[in-house]
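Residue numbering for the sequence shown follows my numbering, starting at 2 and increasing by one per position.
These aren't lab readings, by the way, just hints derived from the structure by calculation. Errors might be hidden in some of the hints.
Below, simulated BS3-like cross-link-like pairs (lysine-lysine); rule was C-alpha separation at most 30 Å, straight line [stated by the list, open to error]:
1. Lys205 - Lys79
2. Lys113 - Lys134
3. Lys134 - Lys61
4. Lys61 - Lys205
5. Lys61 - Lys208
6. Lys113 - Lys61
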Amino acid sequence: DLQALCLECHRTKTSLEGNHSTTLERGTAGGPHVGGDALRPPQRCAGSAALYVGRGWYAKPVCAYLLEAGLAQWQHFKWSLDATAHVDQRCLELVLERMEQGWPEGEEHYAKLAINSLVGLFARNLELIYSMKTSNHQVDGEGCSWRQTFTDSAGRTHWDHIFVTELLSNSCYRPIHDFIMGAEYVAVARIRQDLSEVPRRYLKCIKTDCLVMQGVPKKYRIVEALREHGDTVHIITKTHAAVQNVGLGAQTADHW
């Protein structure tokens with residue numbers, strides 16, 4: 002049986018990150034979302050079932066794939082939200098490229114961690130402002146979130162008090178986060194669909210961002226099979242089957 006790993010953990014973490022008491026903050030800001038009340042996918046679509054996790058708002062990539070794969074129909078969608086403003090589609094891509102190129106040689110692996118952290122912050126419906134007050138007495142920092150001391154040239158001790166203030170806002174970056182995660186889920190679902198000819202006993206599990214294969218015979222050369230069907234393959238997911246594709250010009254996901 003297929004096992005969707007980390008899904009519940011990811012959903013819990015995401016909900017906690019966006020949890021705060023600001024009533025003016027919108028739970029769903031204007032963005033590429035569609036409200037879905039779709040029926041649960043049939044068992045034959047187990048590889049794509051993780052895309053639908055119950056009633057709620059879904060990003061555009063997920064909704065498009067559910068319709069394309071026949072897992073949902075238009076009557077299952079009740080509401081939709083469109084962005085109030087539009088920007089160039091490559092604006093975020095250019096920023097991420099700059100972040101990747103900013104790491105020196107030998108520390109390139111931090112680029113992925115930095116981008117993942119940025120995407121995670123997009124899920125927080127929270128805006129904060131930080132201020133600092135320096136005083137000669139510790140009691141002057143009552144209510145501060147953090148403090149530190151330093152000594153001047155005369156040997157006197159001073160206190161730096163850091164205060165954190167939450168701002169009220171009616172906007173958030175959550176739609177960007179959901180769009181990115183939705184596109185990732187769809188990519189995994191498409192990979193599973195492309196591997197449908199490989200017996201399911203070789204598919205160990207479906208993780209959040211990859212498929213894990215085990216004991217795949219050499220006859221199942223995935224890249225060759227996809228190219229024979231006319232597909233252009235540049236990247237393959239990080240699976241045990243990737244060793245069968247070395248030398249065929251395709252990079253594993255770890256390369257990116």
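Against the structure, the hints:
Under the criterion of a C-alpha separation no larger than 30 Å, the hint pairing Lys205 with Lys79 is inconsistent with the structure, at around 36 Å. For the given pair, Lys113 sits about 36 Å from Lys134 by alpha-carbon distance, which is inconsistent with the 30 Å threshold. Distance check on the hinted pair: Lys134 and Lys61 sit about 45 Å apart at the alpha-carbon level, beyond 30 Å; violated. With a C-alpha separation of about 29 Å, the suggested pairing of Lys61 with Lys205 holds against the 30 Å cut-off.
Under the criterion of a C-alpha separation no larger than 30 Å, the hint pairing Lys61 with Lys208 is consistent with the structure, at around 21 Å. A hinted pair counts as satisfied when its Cα atoms are at most 30 Å apart, and Lys113 with Lys61 qualifies at roughly 24 Å.
Going through the hint list in order, the structure does not satisfy hints 1, 2 and 3.
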